[in-house]
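Undergrad: Protein chains in written order, with the numbering used here: chain R, 1 to 109; chain V, 10001 to 11004.
Derived from the structure by calculation, the hints contain no laboratory data.
By construction, the Cβ of each residue, glycine as well, lies at the ideal position given by its N, Cα and C atoms.
Mixed in with the good hints, there may be bad ones.
[To be verified] If the Cβ cut is set under 7 Å, some of the chain R residues that face chain V in the computed set are:
{"#": "1", "residue": "LEU2"}
{"#": "2", "residue": "LEU18"}
{"#": "3", "residue": "LEU26"}
{"#": "4", "residue": "THR74"}
{"#": "5", "residue": "VAL77"}
{"#": "6", "residue": "GLY79"}
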Amino acid sequence: MLILNCPYCGVDAEETELAAGGEAHLKRYGPGSSDDEFHDYLFMRENPKGVHFERWRHSNGCGKWFHAARCTQTLEVFGTYSAQTTEPPQEIKDAITAKRPGWSWREYK
Amino acid sequence: MSTRLAKQGRLIDRSKQVTFTFNGTSMQGYEGDTLASALLANDQMMMGRSFKYHRPRGVVASGAEEPNALVGLGQGNRFEPNQRATTTELFNGLTSVSQNHWPNLEFDIGAVNTAFARFLPAGFYYKTFIHPKPFWKHVYEPIIRQSAGLGKAPDKDSRDADTYEHFYAFTDVLVIGGGVAGLQAAKAAAQSGAKVMLIEQTAHWGGRAPVDGGTIDGEPVDKFVEQLVSELETMGNVTMRNRCMGAGVYDHGYVLGYERLNDHKPGTQGPRHRLWRIRAKQVVTATGAIERPLSFAGNDVPGVMLASAMRDYVVNWGVAPGEKVIVATNNDDAYRTAIILKQAGVDVIRVVDARAAAGPLAEEARQLGIRVDPGKAIAKVKGGKRVKKVALCNQEGIGGAREEVECDAVAMSGGWSPVVHMWSHCGGKLIWDEANAHFRPDPSRPPLGANGEGFVLAAGSSNGPLALADVLTDAQAAGTAAAKAAGFKPKNTKAPVGETTTEAPMEAVWLMPANAEVQLRMKSWLDFQNDVKVSDVQLAAREGYESVEHTKRYTTLGMATDQGKLSNINGLAILADALESEIPKVGTTTFRPPYTPISLASIGGEARGEVFQPIRQTPMHDWHDKNGADWEPVGHWRRTYAYVRPGESVHDAVNREVKNTRENLGLLDASTLGKLIVKGPDAGKFLDMMYTNMMSTLKAGKCRYGLMCSENGFLIDDGVVARIDEDTWLCHTTTGGAERIHGHLEEWLQTEWWDWKVYVANVTEQYAQVAVVGPNARKVLEKLGGMDVSKEALPFMEWRDGKIGDFDCRAYRISFSGELSYEIAVPASQGQAFWDALMEAGKEFGVMPYGTECLHILRAEKGFIMIGDETDGTVIPQDLGLHWALSKKKEDYLGKRAHSRSHMADPERWKLVGLETVDGSVIPDGAYAVGEGVNANGQRNMIGRVTSTYYSANLGKGIAMGLIKHGPDRMGEIVEFPGTDGKTYKAKIVDPIFFDKDGEKQNV
């Protein structure tokens, strides 16, 4: 039963108010992409023990999608941020570095 | 015998007598008794039989850890099995029955199992019942089913007569456990100004400290507790709930509390149980410690009890569990029991202490005239339904050279284990404490919260300290630390000073005597409730079970409803010894919530019966209900399946509706169809991405049927889209799909194309929508008057705003039936009036309302697909012959890239066809078509399946649609559908359009 802060309405939302939306910062591949690119976009997902970036929706609240950076092992939350971005903002990366020096996730570190 | 003492009993009120029954016998107790203490006062030591061997069992403990004294409580709608007598508060009229025996408690047939015990060792299920194979079904299973099961399930026709509820609470500090440690920790935290909640599982504050004696700040413990409780009660920032157990600790400070409001006064107004859903910034677990049994032969004979429990029965309830008692111990604390029993007038024959030397409490016992035998042990307890004799021996050795002593009760103490469950539920780690031979919380590895810091602190004896003085200072420190961690500034106050007699160190004793021979080990119980003995765990080790988790499952040690509160540490010590390993290396099994079983009804809370789930009703719901509606759930909606007239079957009604709609005039309440407004400068571009076909080119005033696919190409919804104006579209979704598709659109808008200017609103409930269907559809609308609904003014697949009669409406000329059809939307508030007007005006045209089954049959006759019938999440538009709805002009839409993946273009995919049974019968729903040959399991190979199947009253035969391998290329061929009824249905593959292939009826 996580608590995540919704960056849109500011509420510290109970997990029952939220819907999980899987891995964050996927790049969409459409027509014209190779089979491998499309396959990876559809099916290949990170499964880290540690730092992870996820999509969540405040579905029983303001209805907005947002991103969360958290640790899958300890459930520590490093921060939540807007869904309208293609990569984690610097302050989120800094917050993770402060707690997990040397972290990396996909191409980010 | 066990009996009520003339004095003592701090929790009972001797002026208030209570009558109750046990196995039909009427008995007396006092207010304040537990069922266990009252049964003991009535000399009812034997309270049940064991699960596997049906051995006679008596009460062992005095609290939540009790493994044996489980009873069926109450009657009829309030009957509940497996209730612990030790935590059941006595009330007038309580009825209880013992469990696990047939025909009765005193004489039980299943007890022969104990004679065959050597054939029922650990893992016997896995070993015995493998061969011969047919024996399993006809011999083993019936026998096991007869003898297995704990307690009796309530009668299947009974219904829980009580109500239950959920409460939500938010607090800075939650303290679990209202003993002296919990009370003191709560005070220390509350003095900082933090909001504190304190919960205690029993009806009393103070825990067991008042029984154990000593003083706090120079006062008796009882007095200290009384003062502290009244002090906390006056503090505005403290909430206190007793009869409220901490059931589980979960992520980010979420805790479940289980409050038993009315168990002690059933039938009283108000909920019986309340589930507290608590969010705490910090949690202090002050859950105390539980005494361990000693493992000696016959330690399960009724009359053998924990030393602390025996003490509780004397002090709390004024009950002596025996007349002649032997105390066996490996620590000083058990001497308190000997002293209290002696002072209460009970004959304490002897204390056998496995250690060579004891502390001052032993001296005190000796001075009272109690014989203390150091270095001695119990070799065996003799007696069947009650302790009769005890054979004593040296602790060292195999148990020879025995001396037999007569007695009727044995108090045992193997030391104390902290209750670490709440600490461990959410990941807190433990360390092994050599001095006290127990696991205790490791403060450096607590459960972690959202900020990465620990959010649980253990306090008092649940943290390891056992002496009163240490418990109080530990609790003060925990309360202070919790307040600080929750962001408050604690006051710098000192812990109260506790004083008790100092104790000599205990010595770990895992088996009594230390090298007990096998005959003794086979009668030395570890897990009383699941009948697991020392020899079982040793056998598991010999057979290669090294992991404690595997041993647990193989032997069932700790898997009973008490979850091994008494047995776990003893069991893993035996395992460690058998593996020649050390206890901390073997480790513990996982502690899982709830701490003790909680009622399923409390988890359900208020969500029962009519309020289980909200039901969505259309504006015309009540009319349908009054006019014979046979209801069908569709999503959260209730829709009319058919309108059944008096004397009709549902099937008759459906057939009548089907024929009438094709021949005269039918009305369908279509209000449940999803209606999404999509608006904005980029709305056309957006809809082109969401639908497989082109929506941006649709002209205002026109409608288009559209398909939606997921990104991996599968059909997820369909519906008619109407363009309202330059930047506005109205998208119809399926009845169950409105919220899901709304969410789908929002997801793509918010997370992928967030710079597109589009707004989506779900207006489903703003409109009532009626489908006016049949050859007379136009006539009835023209009779009501208003807008021009002629073929020229409102052609097929167009819509117009206007007035029909007095109603503002939007009329869509669309058809899901193949008939002349209008779907007319009016404001929801006008829905019933509009429906009434249509029914009245339609009389002369043969109007009849029709339900969803008729709707399904009409569409199936026309070969129209239904999302959820023809699709199941693995079906693509191409499977259904819907290529025409896939835009070739658009560069991109959701699903387009996926449709070019190799498997999606595979010609072997099952494709939609119509199916016509050879003999006119109806193919069973869900039937599969079988082809040549068999698969690896010897089953017929499948070549397709039925997706929709109905009896068509218009055609007078069974019709179906299905997905068949190479289906469209096999027109005219016969395929076979084996039914579960043993028959095989033969059907001819035909075109899926059974009726009016050219669409002449709808295009008039």
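Undergrad: Next item in the hint list is THR74/R. Is there a CB on chain V closer than 7 Å to its CB?
TA: 5 Å, holds
Undergrad: Holds or violated: the hint that LEU2/R contacts chain V, with Cβ atoms closer than 7 Å.
TA: For LEU2/R, the interface hint holds, since the closest Cβ of chain V sits about 5 Å away, which is under 7 Å.
Undergrad: Given a cut of 7 Å on the nearest C-beta pair, is the interface hint for LEU26/R held or broken against chain V?
TA: Violated - the Cβ of LEU26/R stays beyond 7 Å from chain V, reaching only about 9 Å at its closest.
Undergrad: Restraint: GLY79/R near chain V, CB-CB cut 7 Å. Satisfied or not?
TA: Given a least distance of 11 Å, the restraint on GLY79/R is violated.
Undergrad: Does LEU18/R hold up as a contact with chain V if the rule is Cβ-Cβ below 7 Å?
TA: 12 Å, violated
Undergrad: Holds or violated: the hint that VAL77/R contacts chain V, with Cβ atoms closer than 7 Å.
TA: 5 Å, holds
Hint compliance for this structure: hints 2, 3, 6 are broken, all remaining hints hold.
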